[in-house]
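> Build the full structure now, drawing on both the sequences and the hints.
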Amino acid sequence: MKFGIVVNEGPYTHQASDTAYNFAKAALAGGHDISRVFFYHDGVNVGTRLSIPPQDDRQIQEQWTALAKEHDLDLVICIAAAQRRGLLDENEATRQGKDANNIADGFRISGLGQLIEMGIQADRTVTFGD
Amino acid sequence: MSETVKKFLYVNRKAPYGTIYAQESLEVVLIGAAFDQDVSMAFLDDGVFQLTKGQDTKEIGLKNFSPTFRALGDFEVTKLYVEKESLAERGLTLEDLQNIEYEDEDDDWAEKPSIRLVSRAEMADVMADQDVILSF
Chain A
1 MKFGIVVNEG
11 PYTHQASDTA
21 YNFAKAALAG
31 GHDISRVFFY
41 HDGVNVGTRL
51 SIPPQDDRQI
61 QEQWTALAKE
71 HDLDLVICIA
81 AAQRRGLLDE
91 NEATRQGKDA
101 NNIADGFRIS
111 GLGQLIEMGI
121 QADRTVTFGD
Chain B
1 MSETVKKFLY
11 VNRKAPYGTI
21 YAQESLEVVL
31 IGAAFDQDVS
41 MAFLDDGVFQ
51 LTKGQDTKEI
61 GLKNFSPTFR
71 ALGDFEVTKL
81 YVEKESLAER
91 GLTLEDLQNI
101 EYEDEDDDWA
111 EKPSIRLVSR
121 AEMADVMADQ
131 DVILSF
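Protein chains in written order, with this note's numbering: chain A, 1 to 130; chain B, 1 to 136.
There are no misleading hints in this set.
Below are the DSBU-like pairs computed for lysine-lysine, each with C-alpha atoms no more than 30 angstroms apart in a straight line: (1) A:98 - B:63; (2) A:25 - A:69; (3) B:14 - B:63; (4) A:25 - B:7; (5) A:98 - A:69; (6) B:112 - B:6; (7) B:7 - A:2; (8) B:14 - B:53; (9) A:2 - B:79; (10) A:2 - B:6; (11) A:25 - B:6; (12) B:112 - B:14.
Chain B is faced by these chain A residues, among others (derived, beta-carbon under 10 angstroms): (13) 6; (14) 40; (15) 41; (16) 78; (17) 80; (18) 81; (19) 84; (20) 111; (21) 117; (22) 119; (23) 120; (24) 121; (25) 125; (26) 127; (27) 130.
So the derived label-pair ranges between C-beta atoms look like this: (28) A:124 - B:116: 23 to 33 angstroms; (29) A:56 - B:38: 46 to 56 angstroms; (30) A:19 - B:93: 33 to 43 angstroms; (31) B:107 - A:97: 45 to 55 angstroms; (32) B:112 - A:52: 50 to 60 angstroms; (33) B:116 - A:53: 40 to 50 angstroms; (34) A:53 - B:60: 31 to 41 angstroms; (35) B:53 - A:57: 41 to 51 angstroms.
Derived by calculation from the structure, the hints in this document are not laboratory data. We put the beta carbon where it would ideally sit given N, CA and C, even for glycine.
Below, the structure is given as structure tokens:
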């Protein structure tokens with residue numbers, strides 16, 4: 001089975017990104033494919049590399065980055081939602097004249113079309129949110 | 001672009017203002033329209049407030065995006081399922097909602113209402129009939 005995953009809520013405030021991560025891990029362990037993970041609404045905040053949770057807490061972004069590396073996952077952050085919330089990759093920071101970027105390894109910024117395309121290509125689209 | 005046509009349902013459960021879900025949901029619908037899929041929208045719970053007429057956001061400093069719903073027909077988004085019970089629970093009727101129409105190309109471009117009132121049970125059938133459900 002090919003799964004598409006949507007993450008609609010931000011890390012730490014909401015458990016959605018944790019549940020999505022655990023779902024993705026379990027699906028991959030069960031021999032399924034993840035065609036893409038799409039981060040929308042506050043879910044885009046999962047992709048900042050500047051998050052510093054307390055030492056005894058999980059590092060959500062690093063968990064995703066490691067999973068993406070291990071399984072060659074496509075982690076996509078919605079550009080419109082990201083720009084509103086101050087998430088920029090290097091290209092976008094340059095283009096918008098901003099002095100910094102904050103996208104973590106393993107994530108890429110792209111448009112909402114990627115969400116629709118994922119829905120078309122995946123056998124099942126699963127949304128994690130409120 | 002893929003030639004597969006799937007049934008997409010966008011489920012709207014939240015009030016238009018207070019959180020960004022409704023506005024960003026509409027952004028997905030508008031982008032998604034370019035993919036030539038079979039698109040429907042569902043409005044239930046506080047989501048029915050998204051379609052009310054006479055919205056005025058001046059005092060809260062937010063953009064009033066409700067006129068966009070009337071343009072959905074031009075994007076071939078013509079099926080807006082609104083749950084009767086959700087309306088009734090909030091003291092609303094069809095009269096409180098915007099008049100949203102589309103031109104039916106199979107019927108000499110006659111203007112037809114996009115809003116379809118359905119019961120909670122019928123809404124379940126609408127959902128069961130979909131390939132992809134995105135919930136906001």
